[in-house]
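**Q** Taken in sequence, the protein lines are chains E and L.
All residue numbers for the first sequence refer to the working numbering, where the first residue is 1 and numbers rise by one.
All residue numbers for the second sequence refer to the working numbering, where the first residue is 1 and numbers rise by one.
Errors might be hidden in some of the hints.
Lysine-lysine pairs mimicking DSS-like chemistry, simulated, CA-CA at most 27 Å apart [as the list claims (entries may be wrong)]:
1. L:Lys436 / L:Lys266
2. L:Lys239 / L:Lys268
3. E:Lys167 / L:Lys348
4. L:Lys314 / L:Lys353
5. L:Lys348 / E:Lys39
6. E:Lys39 / E:Lys167
7. L:Lys239 / L:Lys259
8. L:Lys358 / L:Lys410
9. L:Lys193 / L:Lys239
10. E:Lys18 / E:Lys76
11. E:Lys167 / L:Lys193
12. L:Lys313 / L:Lys410
13. L:Lys445 / L:Lys265
14. E:Lys39 / L:Lys265
15. L:Lys331 / L:Lys314
16. E:Lys168 / E:Lys39
17. L:Lys193 / E:Lys92
18. L:Lys3 / L:Lys239
19. L:Lys56 / E:Lys111
20. L:Lys57 / E:Lys111
21. L:Lys242 / L:Lys259
22. E:Lys92 / L:Lys56
23. L:Lys358 / E:Lys92
24. E:Lys92 / L:Lys57
25. E:Lys26 / L:Lys57
26. L:Lys260 / L:Lys436
27. E:Lys39 / E:Lys76
28. L:Lys358 / L:Lys332
29. E:Lys111 / E:Lys191
30. E:Lys26 / E:Lys39
31. L:Lys332 / L:Lys313
32. L:Lys313 / L:Lys355
33. L:Lys331 / L:Lys193
34. L:Lys353 / E:Lys92
35. E:Lys92 / E:Lys111
36. L:Lys445 / L:Lys260
37. E:Lys26 / L:Lys314
Source of the hints: derived by calculation from the structure; they are not laboratory data.
All values derive from a computational prediction rather than experimental measurement.
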Amino acid sequence: MSRCLWCNEEVMYTVSIKELVTFHCKNRPLCLGCSRQLKRLDSFTRCSGCSRISEREAHCQDCLAWRQRYPQLKLKHQAVYAYNGFAREMVKQFKFSGDCELAAAFSEEIKELTRCRRRSSLVIPIPISRSSIETRGFNQTELLLESARIEYQRVLENAFQREKQSKKTRFERLESPQPFIVRDRMEGEIKGKNLIIVDDIYTTGRTVYHAAQLLSQYNPASISSVSLFR
Amino acid sequence: MSKDYLLYGRDLIFREVHSAIQLTDRELTSVNQRPAISRINGRYRCERCGAAVRTKKPYPCICGGNCLYCSDCLILGKVRACDTLITLEEPNLFAPVHPASLRWIGCLSEEQRNASIEISRTIHANEERVVWAVTGAGKTEMLFEGVGKALDANKRVCIATPRVDVCLELAPRLRQAFPDTSLAVLYGSAEEKYTYTQLVIATTHQLLRFKEAFDVLIIDEIDAFPFYLNDMLYYAAAKAIKQQSSTIYLTATPDRLLKKRIKAKKIKASILPARYHGHPLPVPSLARLSSHASLKKIDSNCYQHMQELLNQKKRFLVFIPTIQLMEDVMKKLVILFSQFSFDSVHSKDSQRKEKVSKMRLGQYDFLVTTTILERGVTLSGIDVIVLMAEHRVYTEAALVQIAGRAGRSKEYPNGEVTFYCTNLTRGIKGAVREIKEMNRLASRKGLLK
Chain E
1 MSRCLWCNEE VMYTVSIKEL VTFHCKNRPL CLGCSRQLKR LDSFTRCSGC SRISEREAHC
61 QDCLAWRQRY PQLKLKHQAV YAYNGFAREM VKQFKFSGDC ELAAAFSEEI KELTRCRRRS
121 SLVIPIPISR SSIETRGFNQ TELLLESARI EYQRVLENAF QREKQSKKTR FERLESPQPF
181 IVRDRMEGEI KGKNLIIVDD IYTTGRTVYH AAQLLSQYNP ASISSVSLFR
Chain L
1 MSKDYLLYGR DLIFREVHSA IQLTDRELTS VNQRPAISRI NGRYRCERCG AAVRTKKPYP
61 CICGGNCLYC SDCLILGKVR ACDTLITLEE PNLFAPVHPA SLRWIGCLSE EQRNASIEIS
121 RTIHANEERV VWAVTGAGKT EMLFEGVGKA LDANKRVCIA TPRVDVCLEL APRLRQAFPD
181 TSLAVLYGSA EEKYTYTQLV IATTHQLLRF KEAFDVLIID EIDAFPFYLN DMLYYAAAKA
241 IKQQSSTIYL TATPDRLLKK RIKAKKIKAS ILPARYHGHP LPVPSLARLS SHASLKKIDS
301 NCYQHMQELL NQKKRFLVFI PTIQLMEDVM KKLVILFSQF SFDSVHSKDS QRKEKVSKMR
361 LGQYDFLVTT TILERGVTLS GIDVIVLMAE HRVYTEAALV QIAGRAGRSK EYPNGEVTFY
421 CTNLTRGIKG AVREIKEMNR LASRKGLLK
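Make a model of the complete structure from these sequences and hints.
**A** Okay, structure coming up:
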């Protein structure tokens, strides 16, 4: 019997018919009670540009603004879970308290997100700033990808010594300058590839659009972006 | 104050200390350092909390390499394999208080006095003792004499408890009894910073940040912990005390293991089966709840009962097992009892402290609560209603504690306790048996009025 990664209770579940037939048991890192508190976004109507829960499937105000600013990008951001109170607690424990083991709770979701739609795709995690590496020691997005056994390339680097995005106001975030650079000898890797930018949380979209805007200069075949929470 | 004071008897992660107060090379040579995660027979153990390291593999770390970390005491700050723990030997540098530390004037019942003398002797002789006293026996007052003598003997004293609420309840009482002694209250979300004090009130988690610091350690409500955290509590206690020291365990509901040790005389015990006012413990009466679904509609028996209590102007607590259920019940109660003032409180409530103190002041007719008010809280003159007493959060100990909320004051010693349940569980039967047993013991000793 496994224990829930979050509440340490025993994980109880009913085996599905598919599992019985295929003899392949699904990995359940969270117990039913905890996984229920995470709200899957695909059960709601969402903005087609950023996966935000909204009444219409058309682009939301923010996405329209992004389109205007970066007309060439046309990102369709995909996210799995709503960033609600429970998700916030989990992220806090994972990123800020540094409970790396929690990465395993989301390996199925990460696999689902980065499932290669086309060949010659390249998974690119968003890098964290040097000061974050000093205090935290790990890049949460890379950990998520590693626990899902997804291959990725460290194409980008965070060149700015700056404050954390999560400590800023919305306006400050939207106005922050390009923090990323492409690492040496990585330009060739990008060309002609289908890029998948991976981040842990999508809040204003600023980070993802910075990354996409930079990467688009090196002639990739396509750019898509995904995150765990929205 | 020199930096040394912050390290006497502490057990802290070097990296955290260094980033806060920058130790010089000379200072570094004088402190004791040891690896935070040790390897014994191929197994890794966290030196701070004593738990076996559960992390399956090393993760990228701030040291540049990959390190294991301890996930059990993460709440106190991450302990990584590359960390070291530092400590300075406790020198007991306290200013003596004249003429005596204890300023409490009050009188103890005969039973309390006996226990109080036993406790002082145990502290003096650096021994261990369990004080098994029923809820409302006046445990805190019995400690005063022993603690006062220890403080006068320049000993460092800690009172630890698993619950923050109990900590907050104890602090003002001790501050009043020992007004001139330096006192620190340590708990997770505490606002004040750590200072070096002779008297420390702490949650048991905070105890993990001490090493060989205390001459006297008193652990209140030792059974308040969920079972799996017990090992950590005992490790923390063993680490925080000096080699020559005394430990006192206080409890109203000892677990089976402790009862066994008491019966086998492996640990000295003072047993107080009666309350300080000499009235027997209220024995819970059991009432049938027709089914779970009816809880959402408020069972008619229960509703009448509440109505009756309200008509008689009696105040009461309603215990409900989970926050989810509480929200359901509250919706109904708001409609049924709209003319009365009441509220609900649970562990995630930000106004928890305010609501409890409002109830204490009599501004509410009744208060609906989860098990957070189960222990360590004294509200005078109240009755108790437990809904769904068969729920698994209500263990025997929990129910005994809940029943112990009633009839605590001299003025209103015969509180009523009612358990509403659909079926009887071991916990319910055990709790009733335990309470009756204690009453019998008390009347045999002639302690009841």
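**Q** Hint by hint, say whether it matches the structure.
**A** Hint check results:
For the given pair, Lys436 (chain L) sits about 26 Å from Lys266 (chain L) by alpha-carbon distance, which is consistent with the 27 Å threshold. Among the hinted pairs, Lys239 (chain L) with Lys268 (chain L) is consistent with the structure: their alpha-carbon atoms are about 21 Å apart, no more than 27 Å. With a C-alpha separation of about 24 Å, the suggested pairing of Lys167 (chain E) with Lys348 (chain L) holds against the 27 Å cut-off. Note on Lys314 (chain L) and Lys353 (chain L): the hinted pairing holds, with a Cα-Cα distance of about 22 Å set against a maximum of 27 Å.
A hinted pair counts as satisfied when its Cα atoms are at most 27 Å apart, and Lys348 (chain L) with Lys39 (chain E) qualifies at roughly 20 Å. Of the pairs offered as hints, the one joining Lys39 (chain E) and Lys167 (chain E) holds, with about 25 Å between alpha carbons and a cut-off of 27 Å not exceeded. With a CA separation close to 24 Å, the supplied pair Lys239 (chain L) and Lys259 (chain L) stays within the 27 Å bound. Taking the CA atoms of Lys358 (chain L) and Lys410 (chain L), the gap is about 21 Å. The hint holds against a cut of 27 Å.
Between Lys193 (chain L) and Lys239 (chain L) the CA atoms are separated by roughly 22 Å; this keeps the pair inside 27 Å, and the hint holds. In summary, the hint linking Lys18 (chain E) to Lys76 (chain E) is not supported, as the alpha carbons are separated by about 32 Å, beyond the 27 Å threshold. Distance restraint check for Lys167 (chain E) and Lys193 (chain L): the Cα-Cα separation of roughly 24 Å lies within the 27 Å cut-off, and the hinted pair is therefore satisfied. Annotation: proposed proximity of Lys313 (chain L) to Lys410 (chain L) holds, straight-line Cα distance about 18 Å (limit 27 Å).
Annotation: proposed proximity of Lys445 (chain L) to Lys265 (chain L) holds, straight-line Cα distance about 20 Å (limit 27 Å). About 54 Å separates the Cα atoms of Lys39 (chain E) and Lys265 (chain L), which puts this hinted pair outside 27 Å; it is violated. As the CA atoms of Lys331 (chain L) and Lys314 (chain L) are separated by approximately 22 Å, the hinted pair is consistent with the 27 Å bound. Note on Lys168 (chain E) and Lys39 (chain E): the hinted pairing holds, with a Cα-Cα distance of about 26 Å set against a maximum of 27 Å.
A distance of roughly 23 Å separates the Cα atoms of Lys193 (chain L) and Lys92 (chain E); the hinted pair therefore holds under the 27 Å criterion. The suggested pairing of Lys3 (chain L) with Lys239 (chain L) holds, with an alpha-carbon distance near 22 Å, which does not exceed 27 Å. Among the hinted pairs, Lys56 (chain L) with Lys111 (chain E) is consistent with the structure: their alpha-carbon atoms are about 21 Å apart, no more than 27 Å. With a C-alpha separation of about 21 Å, the suggested pair Lys57 (chain L) and Lys111 (chain E) falls inside the 27 Å cut-off, and the hint holds.
At roughly 26 Å between alpha-carbon atoms, Lys242 (chain L) and Lys259 (chain L) fall within 27 Å of each other, so this suggested pair holds. Taken as a hint, the Lys92 (chain E) and Lys56 (chain L) pair is honoured in the structure, with Cα atoms around 21 Å apart against an allowance of 27 Å. For the proposed pair Lys358 (chain L) and Lys92 (chain E), the alpha carbon gap of about 33 Å is over 27 Å, so the pair is violated. Only pairs whose Cα atoms come within 27 Å are accepted, and Lys92 (chain E) paired with Lys57 (chain L) is accepted, the gap being roughly 21 Å.
Annotation: proposed proximity of Lys26 (chain E) to Lys57 (chain L) holds, straight-line Cα distance about 22 Å (limit 27 Å). Under the criterion of a C-alpha separation no larger than 27 Å, the hint pairing Lys260 (chain L) with Lys436 (chain L) is consistent with the structure, at around 20 Å. Straight-line distance between C-alpha atoms of Lys39 (chain E) and Lys76 (chain E) comes to about 20 Å, which keeps the hinted pair within the 27 Å bound. Straight-line distance between C-alpha atoms of Lys358 (chain L) and Lys332 (chain L) comes to about 22 Å, which keeps the hinted pair within the 27 Å bound.
Proposed proximity of Lys111 (chain E) and Lys191 (chain E) is supported: the alpha carbons are some 24 Å apart, at most 27 Å. Among the hinted pairs, Lys26 (chain E) with Lys39 (chain E) is consistent with the structure: their alpha-carbon atoms are about 19 Å apart, no more than 27 Å. This hinted pair checks out: Lys332 (chain L) and Lys313 (chain L) have alpha carbons roughly 21 Å apart, not beyond 27 Å. Pair hint Lys313 (chain L) plus Lys355 (chain L) holds up; C-alpha atoms about 19 Å apart against a cutoff of 27 Å.
Restraint check for Lys331 (chain L) and Lys193 (chain L): the C-alpha separation of about 41 Å exceeds 27 Å, so the hint is violated. Taking the CA atoms of Lys353 (chain L) and Lys92 (chain E), the gap is near 25 Å; set against the 27 Å cutoff, the hint holds. Proposed proximity of Lys92 (chain E) and Lys111 (chain E) is supported: the alpha carbons are some 22 Å apart, at most 27 Å. Restraint check: the Cα-Cα separation between Lys445 (chain L) and Lys260 (chain L) comes to about 22 Å, which is no more than 27 Å; the hinted pair holds.
Between Lys26 (chain E) and Lys314 (chain L), the direct Cα distance comes to roughly 55 Å. Violation of the 27 Å bound is thereby established for this hinted pair.
In the structure shown, a violation is registered for the earlier hints numbered 10, 14, 23, 33 and 37, in ascending order.
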